[in-house]
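Each chain, written out:
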Amino acid sequence: MDILIIGSGPAGISAALYAKRAGADVTVISRGSGALAKAERIENYYGLAEPVSGAELEANGIAGAKRLGVKFVEGEVVGLAMNDDFTGLVVQTAKEKLEAGAVILAAGSTRLAPKIPGLKEMEGKGVSYCAICDAFFYRGKVAAVLGEGEYALHEAEILLPHASKVMLFTNGKEPTIAIPDSIEVHKEKVSAVEAATENGTERVSGVMTEDGTFTPVNGLFVALGIAGSVDLARKIGAAVDNNRIVTDAEMATNVPGLYAAGDCNGGLLQVVKAAYEGAVAGLAAAKYVRKR
Amino acid sequence: MEIVKENIVAVTPDNFEMEVLQCDKPVLVTFYANWDQPCRMQQPALDSIADKHPEIKVCKLDVEEYTAFAQQFGIMMIPTTIAFKNGKKVKRATGLRLENVLLNMVQ
Ligand SMILES: Cc1cc2nc3c(=O)[nH]c(=O)nc-3n(C[C@H](O)[C@H](O)[C@H](O)COP(=O)(O)OP(=O)(O)OC[C@H]3O[C@@H](n4cnc5c(N)ncnc54)[C@H](O)[C@@H]3O)c2cc1C
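Sequences listed follow chains A and B, in order.
According to our numbering, the first sequence is numbered sequentially starting from 1.
According to our numbering, the second sequence is numbered sequentially starting from 1.
Note that these hints are calculated values from the structure, not bench results.
Computed from a predicted model, the values in this text were never measured in an experiment.
Be aware that one or more of the hints could be misleading.
As the list claims (entries may be wrong) - Lysine-lysine pairs mimicking BS3-like chemistry, simulated, CA-CA at most 30 Å apart:
| no. | chain 1 | residue 1 | chain 2 | residue 2 |
| --- | --- | --- | --- | --- |
| 1 | A | K141 | A | K66 |
| 2 | A | K120 | B | K5 |
| 3 | B | K89 | A | K189 |
| 4 | A | K95 | A | K38 |
| 5 | B | K89 | A | K291 |
| 6 | A | K66 | A | K115 |
| 7 | B | K91 | A | K115 |
| 8 | A | K141 | B | K89 |
| 9 | B | K89 | A | K187 |
As the list claims (entries may be wrong) - Reference listing, derived: stretches of chain B covered by chain A, where coverage requires no fewer than 3 residues with Cβ under 8 Å from a Cβ of chain A:
| no. | region |
| --- | --- |
| 10 | 12-21 |
| 11 | 40-50 |
Positions of the beta carbon are idealized from the N, C-alpha and C atoms, including for glycine.
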């Protein structure tokens, strides 16, 4: 396929409209509603004689794109990578791998990681955000994943062939999917990520849970809830600054063929800006795949 | 083999003392692996710093080849960039970073 768009909010749908009308073959993958569906009434967007609910605006957007022939796939994206010969991008969902010439990241804004003591401080010293990048360091070691859904399971499965043991800390939540027996599940709330200093270098030593248990682990991969735009950007090496994706005026990231639009780019978190950025990204991505 | 530009030094446990610790210029050392996508995407920023800032020495260390050595620096995430001045670690940045962020580490 030519262009795969992650997210069916105003950014993703605007991108789809412009890319489709520019002649590209366009597919949108989404797990459902985003921020817009939470807005009760929108009355600051162009052309609304009467306020509409965010949910209605979102549904109308999707219907309009379908009318133009944009394809839709339902699914939760858990990974993003280059293909083997670096000619395209691969979007991984819980069920399948989809390859496209260009990808537009329009998955909305990313929640900040929870304030667990040690999480921020130990980043890069055992706390990691990308199993595919850093699994290598856990050969024969104990690796843990913080999370409870498809995304966490995906990260844990990447770690399994490397680590001697893989654990899942759900931080007080019930897992939303079945976890295989090969992964040890801990459901207590996490109170701290503990560190120890060895030969002058500080490293993660374990996870402390609210029941007072200390579980020794060598590292912790953060994969809470659903993979957000920034999580996906990190895996493919798209530059991120202050929890927002860095793009140029054409909404291109530093990764060839990867564009980003909407709330994930920061700035004004409004429909009008998401729609504008989506339009620009859609046109730029269509031009990119034409030139390939 | 990775092609390292001539103004970027491939450091090893053998030349680390001379190239990094004894260097009288500020040094940026990026710990990387060839197969890692974020590491590949970090490369243009390193090339650009090496081209534009002769007053900074830019080095790369392959964590796959020198795993035990990288562990001495507590490297558990790639890319990780450590800034050295007068043989001392001054700053550390984990994950892919923008060129200006890397530059700020030594300025
Ligand atoms: C309560 C509230 C009120 C608001 N009121 C207004 C207002 O009055 N006016 C205004 O202009 N703006 C308002 N906003 C902001 C507006 O909703 C957002 O700026 C806009 O929706 C951003 O669009 P987006 O396409 O970037 O992201 P979103 O609308 O958040 O869409 C993200 C899409 O990505 C999908 N997605 C995310 N992760 C994944 C994954 N891993 N796999 C697959 N799909 C994924 C989601 O399912 C969704 O389809 C409001 C927001 C809220 C929360």
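message: Flag every earlier hint the structure violates by its number, smallest first.
response: 1, 2, 3, 5, 6, 9, 10
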